[in-house]
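A.B. asks: Below are the chains, spelled out letter by letter.
Number of protein chains: 2
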Amino acid sequence: MRYSQLFGKTQRQVPKDEVSKNAQLLLRGGFIDKLMAGSYSLLPLGFRVVKKIEQIVREEMNGTGAQEILMPLLHPKSIWNETGRWDSAKEVMYQFKKRDKEFALSFTHEEILLDLVRKHIRTHRDFPVKLYHFSTKFRNELRAKSGVLRGREFLMKDLYSAHTTQKDLDKYYFEVADSYMKVFDRVGLKAIQVEAAGGVFTKEHTHEFQVLCESGEDEIIYCPGGDYAQNVEIAEAKEGQQCVLGHGPLLKAKAIEVGNIFRFGIVYSEKMGVSFTDEAGKKKFVYLGSYGIGLTRLMGTLVELFNDERGIIWPKTVSPFDVHLVHIEDSGTEVWAKEVYEKLEKAGIDVLWDDREDVSAGEKFADADLIGIPVRLVVSKKVGEGNVEVKKRDGDQLEISTPDKLIKEFKS
Amino acid sequence: MRYSQLFGKTQRQVPKDEVSKNAQLLLRGGFIDKLMAGSYSLLPLGFRVVKKIEQIVREEMNGTGAQEILMPLLHPKSIWNETGRWDSAKEVMYQFKKRDKEFALSFTHEEILLDLVRKHIRTHRDFPVKLYHFSTKFRNELRAKSGVLRGREFLMKDLYSAHTTQKDLDKYYFEVADSYMKVFDRVGLKAIQVEAAGGVFTKEHTHEFQVLCESGEDEIIYCPGGDYAQNVEIAEAKEGQQCVLGHGPLLKAKAIEVGNIFRFGIVYSEKMGVSFTDEAGKKKFVYLGSYGIGLTRLMGTLVELFNDERGIIWPKTVSPFDVHLVHIEDSGTEVWAKEVYEKLEKAGIDVLWDDREDVSAGEKFADADLIGIPVRLVVSKKVGEGNVEVKKRDGDQLEISTPDKLIKEFKS
Chain F
1 MRYSQLFGKT QRQVPKDEVS KNAQLLLRGG FIDKLMAGSY SLLPLGFRVV KKIEQIVREE
61 MNGTGAQEIL MPLLHPKSIW NETGRWDSAK EVMYQFKKRD KEFALSFTHE EILLDLVRKH
121 IRTHRDFPVK LYHFSTKFRN ELRAKSGVLR GREFLMKDLY SAHTTQKDLD KYYFEVADSY
181 MKVFDRVGLK AIQVEAAGGV FTKEHTHEFQ VLCESGEDEI IYCPGGDYAQ NVEIAEAKEG
241 QQCVLGHGPL LKAKAIEVGN IFRFGIVYSE KMGVSFTDEA GKKKFVYLGS YGIGLTRLMG
301 TLVELFNDER GIIWPKTVSP FDVHLVHIED SGTEVWAKEV YEKLEKAGID VLWDDREDVS
361 AGEKFADADL IGIPVRLVVS KKVGEGNVEV KKRDGDQLEI STPDKLIKEF KS
Chain S
1 MRYSQLFGKT QRQVPKDEVS KNAQLLLRGG FIDKLMAGSY SLLPLGFRVV KKIEQIVREE
61 MNGTGAQEIL MPLLHPKSIW NETGRWDSAK EVMYQFKKRD KEFALSFTHE EILLDLVRKH
121 IRTHRDFPVK LYHFSTKFRN ELRAKSGVLR GREFLMKDLY SAHTTQKDLD KYYFEVADSY
181 MKVFDRVGLK AIQVEAAGGV FTKEHTHEFQ VLCESGEDEI IYCPGGDYAQ NVEIAEAKEG
241 QQCVLGHGPL LKAKAIEVGN IFRFGIVYSE KMGVSFTDEA GKKKFVYLGS YGIGLTRLMG
301 TLVELFNDER GIIWPKTVSP FDVHLVHIED SGTEVWAKEV YEKLEKAGID VLWDDREDVS
361 AGEKFADADL IGIPVRLVVS KKVGEGNVEV KKRDGDQLEI STPDKLIKEF KS
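Chain order of the listed sequences is F and S.
Reminder that position 187 of the first sequence reads as 187 in the working numbering, one-by-one numbering, no gaps.
Reminder that position 328 of the second sequence reads as 328 in the working numbering, one-by-one numbering, no gaps.
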């Protein structure tokens with residue numbers, strides 16, 4: 001894509017109330033736009049990042065045998081009354097009345113999912129059920145100061161599973177945990193699986209996936225050797241205490257929660273009457289699991305972690321483009337750049353070409369650093385016709401290469 | 001996919017208040033589930049159909065040079081007040097108050113889009129702007145009796161364009177009209193481009209894309225030769241009147257609106273102060289176009305048009321699977337079917353394999369007809385090892401073929 005045609009250029013100023021690094025950099029880079037506190041549009045650059053994250057999550061969810069669906073966002077009060085969450089979760093839910101009927105906006109989908117199971121599943125042979133969707137969540141957060149880390153409206157992948165036994169739920173629960181670690185690994189994050197409290201969702205302990213980060217809202221106590229990690233909310237051990245396996249003292253650190261998984265067991269299915277007939281012909285309640293990853297939050301986490309004073313540094317797998325092409329305005333170099341652009345695009349490499357006229361090389365370089373595509377290519381008289389100068393966003397080394405060499409490297 | 005594992009099997013009964021053919025067949029086929037009046041979940045089969053429609057629409061939108069984004073669904077009252085639509089469209093909008101702030105749910109996105117243009121575009125060189133998204137729309141319809149043809153919550157592709165002149169808007173407007181015709185053609189619909197009134201959207205005439213259908217809510221007067229078509233709401237000519245180009249008498253027919261396009265001109269941009277600096281340094285208002293296709297409505301239209309007494313007949317391009325494989329329960333045929341299944345899947349052909357045990361051949365055939373995948377394959381002792389019996393959903397002819405032949409046909 002030609003940068004001159006891209007909607008959402010780099011910005012010098014960001015709204016004054018944006019204090020988080022992720023919102024500042026995403027707004028300055030032209031990835032998002034702020035509609036109101038806690039609510040953002042994804043501009044083409046941000047949309048591309050989220051779509052790449054989405055595809056990675058989709059592949060890993062499909063890998064667990066889950067099927068993709070889409071559930072509605074507007075829910076009748078009656079269904080939330082079945083579990084009592086119309087009242088117990090009313091702080092976080094957007095609830096309203098229209099033509100004498102009361103509705104809530106989706107802040108999660110357990111009730112809707114259980115209603116599907118109730119209507120479509122008959123016998124034990126129809127289990128397990130594994131369904132997920134990518135959809136919008138609305139949460140009436142008191143404060144919305146963390147950019148896309150905690151929006152009032154945001155994108156989430158939520159997976160739900162229903163099983164005939166606790167044992168089967170447990171088995172799938174840890175399969176999903178593994179698939180989550182794969183997701184985080186693929187997007188470039190080192191996540192720690194942490195025991196935690198269930199918040200408004202459940203009284204049982206749950207697992208969160210936390211990424212160490214100074215700006216995180218959570219705090220965890222963990223063993224550097226990886227055999228213990230709990231959210232401070234429930235932590236039994238203390239910072240500095242020795243790990244029983246000899247990995248040294250436990251550490252305490254701020255972290256961002258990038259995913260969470262819950263075992264609800266039969267709590268909600270009992271309330272909603274979601275049952276099946278077992279092999280002996282007996283009616284039993286369904287065991288429910290629930291598993292979330294916030295897509296927009298994941299994007300924000302990546303920005304919080306991967307940046308420097310000049311801008312964002314995207315991991316390759318979620319970068320909006322593969323390479324950022326800049327030509328320096330000597331006469332003739334635009335033609336050279338166009339050749340490079342077309343050659344790379346034809347080979348399936350996504351190129352953001354800064355083709356703007358009347359913009360200095362310095363400004364183009366600064367914008368490239370702010371946007372943060374992992375590879376920058378420069379075409380100039382100095383570099384010479386047919387060549388490109390290659391620089392990684394996270395390094396300083398300059399290398400001379402050719403489009404053909406680059407294509408080979410990208411394919412390998 | 002094995003049908004035994006698919007969530008959302010065929011249903012014998014549908015909710016009593018479902019009078020529309022599209023809802024009845026989609027519910028019975030296991031494509032959708034009804035949450036409440038006018039609101040449906042997409043189950044895996046329905047989700048697949050909508051995703052195929054979405055991808056066709058995306059390709060055609062990208063073909064016009066448009067860029068994909070995602071705008072929020074929850075909007076502040078203030079932005080709707082700028083155009084006066086908070087009041088003028090209040091019947092159709094879901095509006096509510098939360099913590100002393102008023103919000104509306106997205107029923108369209110012109111205001112949000114113009115706000116983006118206002119913030120991100122500076123000079124005439126940044127035009128035209130062409131942005132689209134796939135997102136959820138909420139419309140507080142009085143009646144919701146038409147299944148997915150008129151939901152209270154539904155999926156829509158909306159494209160918006162902003163231009164520096166009426167002429168440039170006109171040019172792109174008709175480019176989009178052409179791309180819409182391509183979309184409808186690709187999903188298997190014969191659409192007629194019809195002049196119409198703008199409803200709550202604009203006082204100007206607009207264009208609708210109508211598909212002739214007895215169950216449609218619209219009525220159009222049109223020339224069978226294709227040179228005149230108007231919605232009866234604004235029609236100047238009468239049924240039976242001779243077409244001036246000699247194509248015979250004008251016809252009147254019921255139709256379903258599958259798309260619409262609007263030229264708002266500067267009406268809203270003037271109200272919202274969305275301007276740019278022209279070449280002479282003068283401030284001018286932006287010309288806005290708006291273009292919609294309802295994805296779920298498109299699915300419903302296909303079902304209304306393509307069905308028989310046994311079920312749905314999907315066009316190839318949007319069918320949830322390429323082939324429906326059934327094996328007849330003689331001993332051994334399951335192994336043969338598995339071989340066919342794996343061979344076709346490996347070749348990139350999407351197979352729905354009805355692998356259920358204890359279900360009669362007759363029931364399997366009835367389900368295959370209800371679900372409506374265009375090609376049915378049967379494996380049985382009679383057909384013989386290594387062979388498949390092929391039947392098109394819209395025909396009666398049975399043919400004997402082999403997986404290899406089928407793969408060749410699919411690839412050609």
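One should not assume that every hint holds.
Any copy, or any two copies together, can satisfy a pair, since identical chains are not distinguished.
Below, computed lysine-lysine pairings styled on BS3-like, alpha-carbon distance capped at 27 Å [to be verified]:
(1) Lys90 <-> Lys34
(2) Lys346 <-> Lys411
(3) Lys51 <-> Lys182
(4) Lys119 <-> Lys145
(5) Lys145 <-> Lys391
(6) Lys405 <-> Lys338
(7) Lys97 <-> Lys238
(8) Lys90 <-> Lys101
(9) Lys405 <-> Lys252
(10) Lys21 <-> Lys119
(11) Lys90 <-> Lys411
(12) Lys16 <-> Lys271
(13) Lys238 <-> Lys77
In case anyone wonders, no lab produced these hints; they're calculated from the structure.
A.B. asks: The structure should be examined with respect to each hint, and the outcome stated for every one.
C.D. replies: Hint by hint, here is what the structure shows:
1. Lys90 <-> Lys34: both (26 Å within a copy, 24 Å between copies)
2. Lys346 <-> Lys411: both (13 Å within a copy, 23 Å between copies)
3. Lys51 <-> Lys182: both (17 Å within a copy, 25 Å between copies)
4. Lys119 <-> Lys145: between (41 Å within a copy, 21 Å between copies)
5. Lys145 <-> Lys391: neither (35 Å within a copy, 60 Å between copies)
6. Lys405 <-> Lys338: The answer is within: 17 Å in one copy meets 27 Å, while 44 Å across copies does not.
7. Lys97 <-> Lys238: neither (48 Å within a copy, 44 Å between copies)
8. Lys90 <-> Lys101: The answer is both: 16 Å in one copy and 16 Å across copies each meet 27 Å.
9. Lys405 <-> Lys252: Intra 46 Å, inter 63 Å, cutoff 27 Å: neither.
10. Lys21 <-> Lys119: between (45 Å within a copy, 21 Å between copies)
11. Lys90 <-> Lys411: neither (51 Å within a copy, 54 Å between copies)
12. Lys16 <-> Lys271: between (46 Å within a copy, 26 Å between copies)
13. Lys238 <-> Lys77: neither (43 Å within a copy, 48 Å between copies)
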